[in-house]
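Chains as they are written, first to last, in the numbering used here: chain A, 1142 to 1411; chain B, 1142 to 1411.
One or more of the hints may lead you astray.
Same chains, same names: a pair is fine if it fits in one copy or spans any two.
[As the list claims (entries may be wrong)] Subject to a maximum C-alpha distance of 25 Å in a straight line, what follows is the list of computed DMTMM-like cross-link-like pairs (lysine to aspartate or glutamate):
#1 Lys1171 with Asp1255
#2 Lys1401 with Glu1322
#3 Lys1250 with Glu1167
#4 Lys1250 with Glu1177
#5 Lys1211 with Asp1255
#6 Lys1313 with Glu1145
#7 Lys1371 with Glu1334
#8 Lys1301 with Glu1338
#9 Lys1279 with Glu1292
#10 Lys1279 with Glu1167
#11 Lys1218 with Asp1178
Keep in mind the hints are simulated off the structure, nothing from the lab.
Protein chains: 2
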Amino acid sequence: MTTEQLYNQIQQKKSFLCIGLDTDMERIPKHLLATEDPIFEFNKAIIDATHDLAVSYKPNTAFYEAHGLKGWHSLEKTIDYLNQKHPEVFTIADAKRGDIGNTSAMYAKAFLQDMNFDSVTVAPYMGKDSVSPFLAVKDKFTILLALTSNEGAFDFQIQKTDDDELYKTVLKTSQTWENSENLMYVVGATKAEYFKEIRKIVPDNFLLVPGVGAQGGSLQEVCKYGMNDKVGLLINSSRGIIYASNKEGFAEKAREEALKIQEQMAQLLS
Amino acid sequence: MTTEQLYNQIQQKKSFLCIGLDTDMERIPKHLLATEDPIFEFNKAIIDATHDLAVSYKPNTAFYEAHGLKGWHSLEKTIDYLNQKHPEVFTIADAKRGDIGNTSAMYAKAFLQDMNFDSVTVAPYMGKDSVSPFLAVKDKFTILLALTSNEGAFDFQIQKTDDDELYKTVLKTSQTWENSENLMYVVGATKAEYFKEIRKIVPDNFLLVPGVGAQGGSLQEVCKYGMNDKVGLLINSSRGIIYASNKEGFAEKAREEALKIQEQMAQLLS
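The following block holds chain A by itself, in its conformation from the complex (with noise of 0.2 Å):
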């Protein structure tokens, strides 16, 4: 997928909602452990249910990891099912990984090329060699962690360095690297007096923003500060909207709540 092709579908669905599928087995319906598969018939039900509210979906690795050989099967249904039937969407894999160049290429492959994930998401510590083999990936995105929302961010990330605090030194350093253009990055909605200074360095790259709803973060002050002229934002709710409901229903729950959430969007989209 291109930028052009996500900011179309932004533009279209009124909407620059992100969902992320971290499908924990103690909290979904009761009535889906007894099918064959409970952890893809709850994603299938969800993006059935929303689809047309949401430009992008976000399994987290870890909730299918957690499960085994089982788990990592209801992650590859869920993408394929993605791919398939709504190969719109702009699928993230949420798997943080980063290690040295040769298996880094590893781990491209596998989320990039075989699962076909449009992203993935990738941990800077281990600096330009563990990225740039998922950056060398053609038409694909590289989602670098800079500035996360959880409140360990503040015991490194925000960390002065030679130059400026390390985040920025993530976002700065990380521009210079080939494929620059093909990178995106997560910054938490926890944060949002940051992203005014972080558009000053990445004005132009999309921010994957998780922390709106459960983790407090504002969708209101993070457009204020985050948005761009292509919006630039993808914002992400996981646990607001998948469980609104362990019930019957829940589906259409989920559904409500993402609509609230695109309701919102459009208005600050128009």
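Go by the hints and put chain B onto chain A.
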């Protein structure tokens, strides 16, 4: 496993060698490709031929994920084999994970509980709450990336922060976390001159050291500056051992390479 048990094994085998099972279908002997699970067959042969010379085995998850479901199955079979046949060895899931707290807990479950690895490698970028779910698992170890062996280590890890270089801030900060006695650290052998400084900050923790051999690090230099009174080092070699030959007798060749290193280690220990 406890540190004491690991130390006992080191004394018994006169070795602190870790063998990296970076098993790549493109590099294993061709005759194995006809078997049902070439990756597992390769790993099994390597383990059988070297387990008296190595105290630890470290599959890098990227090489398994690159084959999707089948690869994940090979990983599970490999760790099961190690746990059943060689319960004395220290097993490392080289996964370099790290996510917000509830998500890291899923990874901790997958690797330390369900698959029952003794340890898992974790990236520090997201800070305390991304690491603590791993540290919370009793009698298991969390191996935090500190100063890696690749070129990209220079991009961020040695950036001067408020306090000190970033990797030193990672070492110091993580030492204040609960259960920090369950921490080990990745420090690349290609940076032997750094070990002296590192040992001032973390005198007691084990260091997992990649980069000896193929990547050019010196075993003698690492031991000179990095060894403590419980040895405190696990020296990893992957390609130099497991790809010593790609012919029928590959396992014996791998043993020869492992023996060369073990003999050097026995000398350094005496």
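Cross-check of the supplied hints:
Taking the shortest alpha-carbon separations for Lys1171 and Asp1255, only the inter-copy value of 23 Å comes in at or below 25 Å, while the best intra-copy value is 32 Å. Proximity of Lys1401 to Glu1322 under the C-alpha cut-off of 25 Å is found in neither arrangement, the shortest distances being 32 Å within a copy and 47 Å between copies. Taking the closest pair of Cα atoms, Lys1250 and Glu1167 come within 25 Å of each other only across two copies (14 Å); inside a single copy the shortest separation is 31 Å, beyond that limit. Taking the shortest Cα distances, Lys1250 and Glu1177 sit within 25 Å of each other only across copies (22 Å), while inside one copy they are farther apart (28 Å).
With identical chains, the CA atoms of Lys1211 and Asp1255 are at most 25 Å apart both within one copy (18 Å) and between copies (13 Å). Taking the closest pair of Cα atoms, Lys1313 and Glu1145 come within 25 Å of each other only inside a single copy of the chain (23 Å); across copies the shortest separation is 45 Å, beyond that limit. In the homo-oligomer, the alpha carbons of Lys1371 and Glu1334 lie at most 25 Å apart inside one protomer (21 Å), although the nearest pairing across protomers, at 48 Å, exceeds that limit. Within a single copy, Lys1301 and Glu1338 get their C-alpha atoms as close as 15 Å, and across copies as close as 21 Å, so both meet the 25 Å cut-off.
For a Cα distance limit of 25 Å, the shortest separation of Lys1279 from Glu1292 across copies, 24 Å, qualifies, whereas the shortest one inside one copy, 34 Å, does not. In this assembly of identical chains, Lys1279 and Glu1167 lie within 25 Å of each other by CA distance solely across copies; the values are 23 Å between and 38 Å within a copy. In this homomeric assembly, Lys1218 and Asp1178 come within 25 Å of each other (Cα to Cα) both inside a single copy, at 10 Å, and across copies, at 22 Å.
The structure is inconsistent with hint 2 alone, although it conforms to all the rest.
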